[in-house]
Amino acid sequence: MSNDSEYAIDVTGLTKSFSDQIAVDHVSLKVRRGEVFGFLGPNGSGKTTTIRMLCGLLSPEDGSGTCLGFDIMRESTEIQKRVGYMTQKFSLYEDLTIEENLLFVCRMYQMDNLKERVAAALSSLGLYDRRKQLAGALSGGWKQRLALVACMIHEPELLLLDEPTAGVDPKARRSFWDEIHEMAAKGITVLVSTHYMDEAERCHRLAYLSNGKLLAQGTGPELIKLSGLHTWRIEGENLTDVQMILSKASAVETMAPFGARIRASGTDEKALEKAVIEAASSPDVAVEKVPPGLEDVFIHFSNSAGVPIQ
Amino acid sequence: MKKFPISLSRILGLVRKEFIQLKRDRLTVAMLLGIPFMQMVLFGFAINSDPKLLSTAVIQADSGPLVRSYLTALENTGYFSFNYHLDRVEDVEELFLEGKILFAITIPEDFERALIRGERPEVLIEADATDPVVTARATSAAMQVNFLALNHDLKGPLAHLRPIPPPVELRIHRRYNPENITHYNTIPGLLGIILTMTTVMITAITLARERERGTLENLFAMPVHPFEVMSGKIIPFIMGASFQAFLVLVAARFIFEVPILGDLWLLSLALIIFITVNLSVGFTLSTIATNQLQAMQMGMFFFLPSILLSGFLFPFSGMPKWAQWIGEILPLTHFVRIVKSIFLKSAEFGDIKMHLLNLLIILVITATISLKRYKATLD
Ligand SMILES: Nc1ncnc2c1ncn2[C@@H]1O[C@H](COP(=O)(O)OP(=O)(O)O)[C@@H](O)[C@H]1O
Ligand SMILES: [Mg+2]
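Protein chains in written order, with my numbering: chain A, 12 to 321; chain B, 583 to 961.
All clues stand as given, with none of them false.
Derived coverage of chain B by chain A (criterion: at least 3 residues anywhere in the stretch with Cβ under 8 Å from a Cβ of chain A; other residues may be distant):
{"id": "1", "stretch": "603-612"}
{"id": "2", "stretch": "783-797"}
{"id": "3", "stretch": "801-815"}
Negatives, chain B to chain A, calculated, CB over 10 Å:
{"id": "4", "residue": "Q621"}
{"id": "5", "residue": "S663"}
{"id": "6", "residue": "H667"}
{"id": "7", "residue": "D669"}
{"id": "8", "residue": "E675"}
{"id": "9", "residue": "K682"}
{"id": "10", "residue": "I754"}
{"id": "11", "residue": "L831"}
{"id": "12", "residue": "P841"}
{"id": "13", "residue": "D845"}
{"id": "14", "residue": "L875"}
{"id": "15", "residue": "Q879"}
{"id": "16", "residue": "M882"}
{"id": "17", "residue": "L886"}
{"id": "18", "residue": "L890"}
{"id": "19", "residue": "S928"}
Since the hints were made in silico from the structure, they are not lab data.
Where a beta carbon is used, it is the ideal one built from N, C-alpha and C, also for glycine.
Starting from the given sequences, assemble the full structure and let the hints guide the process.
Have a look at this one:
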């Protein structure tokens, strides 16, 4: 380890704007070593921009902090040597073969034992036999796995994965996450941005970003508690009318319909209960108060965008 | 900010990657090899072709054995084909404008009488010099004929009329293009233009392509120094362009028989500097362009003034002052001067050092701009 601070990422007040439009607005993050940290938020909320600032690809206008103990403003080279960054868009060379790409990455990090290292990576990928194929010819899931292997080939201490599983089928996603946890078990810190709730639930800690602002940061249960949200589940045959009524009730701040099931959430416990019971007066509709899930919380966050939760 | 030692092995890694990509990029390879070939063939035919039997009008205000003899001598050069015999000078204008003739030969009244009296009558050859390459040889042949044409006829008592000076005053009037550019201008210019075209365009495109495809983000996320990326991009094309230059020189010397009087080592030095300057310009453009199309357009934006204002197409001295100033900051202008001096005047280092210095100044400026602009971040 290059530095024994408790946090792999410890930044405060990171700010970046593009031609007057603020993309990241005073974001502070603390990511502990060895944890899998989920980075959530709708499209355009500033996740990619934040990650780019962490690894020196963009220079922050304001803010300070360290990544693996190195100053993000002055020591980006030291950071880059120890960080593996997997970009949101596939960014290996499509006109190089799988093997050539890995060799190139190794050369850029000035690794030794190129051949063995690359051969080992190819075998672990299960792509050894296809190593002479152009990277551009791989399918989406394989590209993702190749990109992951490429960003880990120099044995980084911190992985920054930007929506690594977007557009990947569920089975591949699951094995991808198994790998992430294996790495975390080896002491590698992983910061991963995602849209998927099941993935969020597999993270040790989470941060939620909206419109460039960090709305909340903590473990899943902490975030749920922080949101102050109460949730009701409404079940029944025909819920269209119920849904109509609920959507007009001001106590219902967020609502998630799932066919024969609706989840309605709000911060005012009493008013919410009243609204739900009124709306679901019909006998064939069952209501039940349930603990809010992460999904409810995130929908709530994205609706109340811009107001940081204390 | 990146502060760490530059690594040769990383540069080599980048060069290697670039070569593999180049190998698979048929279009670029075709451009590297095809453009010099194509241009040499196209321009080459114009240079090499020694067009004969060019359409000519004769305005003959006198006739007689000496006149006939003189005209026959001109015809025998093979360059002139007397397609029109006119009575009125006014008709010449029309034929020229319609492009029906390239030459008009006017034999004045009382030509023979004046000739015999030793008054050196004046024969006027008007030439359409829009394409000087075509007309240059014909006019020079006419000049020679003028010395010798009547030697046969002027014997006995007329022998004293033999040259020198020739008995006939030949006036050549180059229309449309009084500055007579010859093909010795073309080859040095062509060498420079081929190199400008491929180097500026290809380097401008290659970095823009990485930006467009998103691979630049991955490259910048690795501990790679901007200088290393720049070298990695430029070195392969220094090699490619040197190869191009070699092809053009071989063709110039052995196919088009342009004399190369000067020192080849000096020429190589000038070539390397010129190529590097162009690559640096291309790299600068590519730090500005966000995609390949933009890079291409910027390349054209640089390329066109290079062709027009470097003295390749139009004589430098004939351009307005402002155009000359622009010309002076273009690498091609200095390169054309260097190559012409080396080719034709066997210039030595001392003769061209100012031009080399100018190229180096342009190099330092563009390299500084590009390294400043190009910070290995995505800002
Ligand atoms: N290079 C850029 N130039 C201009 N605007 C940008 C650039 N990168 C991101 N943005 C803007 O910044 C905001 C945040 O984008 P991004 O960080 O990509 O969000 P996310 O990754 O969460 O989807 C968006 O509004 C986006 O349009
Ligand atoms: Mg993103």
